[in-house]
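Heads up: the sequence lines are chains R and F, in that order. For the first sequence, my numbering gives the first residue as 108, with consecutive numbering after it. For the second sequence, my numbering gives the first residue as -7, with consecutive numbering after it.
Where hints are given, some of them may not hold.
Claimed, not checked - Sample of chain F residues facing chain R (criterion: CB under 8 Å; computed from the structure):
#	residue
1	Arg20
2	Gln42
3	Arg47
4	Phe61
5	Trp64
6	Lys162
Derived from the structure by calculation, the hints contain no laboratory data. Computed from a prediction, not measured in an experiment: that's the story for all the values here. We put the beta carbon where it would ideally sit given N, CA and C, even for glycine.
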Amino acid sequence: MKCEDVSKELIAYLDRRANSAERLEVEEHLLACEGCRKRAEEFRKLWTVLDEVPVQEPSFGFDARLRQRIAAEPRPRWFQWLVPQPRLAFSIALLVALSVWLARVPPSKPALTTDDQFQMIEHLGVLENYDLLSKSDVLAEVPVATTRPADQNDQNTPDDGGGSL
Amino acid sequence: MTRSDVQLMLDVKAGDDESFALLLRRYRTPLVNFLYRMVRDTATAEDLAQEVFLRVYRARKQYSPSAKFTTWMFRIATNLALNSIRDNRYHQMETSIDAPADEDSAPLELPAREMRIDEHMVERDRSDFIRRVVSSLPEKQRVAVLLHKYEEMDYGEIAKILDCSESALKSLLFRAYETLRVQLAPLVAQPVRTSAGEGRAS
């Protein structure tokens, strides 16, 4: 064991907390090294010097003051569970605010009800019947501003342009 | 039969305030001493000790005996003491830049051995000089020495309080005692005197 290794175990050796193997190693080194032996002896004396510092007793009113402070502490009450904890209250408030905000935001597409969907399916045949649409009065009301011959032909022969809606 | 700290604290948790009074009686002196050696002011040490007990009392419902009671209590005390020292240091820096340096905060001078003995034996008491030297140690080393030397805590407990490994603690303690050995060398060499001026076997 070298001097620097001993330095780590020296305190535990001197206060008798080192295990037997460590003790043996330190003892062997101390027998061989005068410098470490001297240091160990001075550490022992140092501890005696440190013991000279007198014990500081707490003042006379220490316990009374503490009792007073403890008595001033808020006592737990039976209805305490009703009082919300600040973090919990904040979380609930945040959740409520988020729910309200989400409820107020209009959906991007109005959702169709099941009845609407059935109705749409029922009328699907009518919507696909282009013939019916072309003869509808509604189309007659559409003003024809600039009608090109090609367009007219197209209108007269709807089946050629083909394709359902 | 003496109840253990853990048992007393579990009784406090169950609502027995008398057990808290027992813990207070058991630890008020070690705690005030530790804090006094840390902050070197009687009033501050007592205030901090009160705060430690108050925090222990407040935490009674959440207490679980996962660590030794003393480890928990001295960890609270260490944190409070270090915060107090840092706050005080900051306050002093902020308020008294031009004020004359406080005697206690003056850097510790190390004159020749004979001079130091004469100076300190005449001007102040030996024990006050020892306290000054101990309190001039770096914070972590100071806590380690106080808990090791005066509270006689084992290495595992001190390591938990300082949040370091046992191996690091051993090195820390060696460095601290080495500094004290050098700084207190005149006292180590000099025969110990009692208040009556008599020598005492060391």
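Here's how the hints hold up against the structure:
Taken as an interface hint, Arg20 (chain F) checks out: its beta carbon lies about 5 Å from the nearest beta carbon of chain R, inside 8 Å. Look at Gln42 (chain F): its Cβ gets to within about 5 Å of chain R, closer than 8 Å, so that hint holds up. Because the beta carbon of Arg47 (chain F) sits about 11 Å from the nearest beta carbon in chain R, more than 8 Å, this interface hint is broken. Restraint check, Phe61 (chain F) versus chain R: the minimum CB separation of about 17 Å is more than 8 Å; hint violated.
Because the beta carbon of Trp64 (chain F) sits about 18 Å from the nearest beta carbon in chain R, more than 8 Å, this interface hint is broken. Residue-level restraint check for Lys162 (chain F) holds (minimum Cβ-Cβ distance to chain R is 5 Å; threshold 8 Å).
The structure shown violates the earlier hints numbered 3, 4 and 5.
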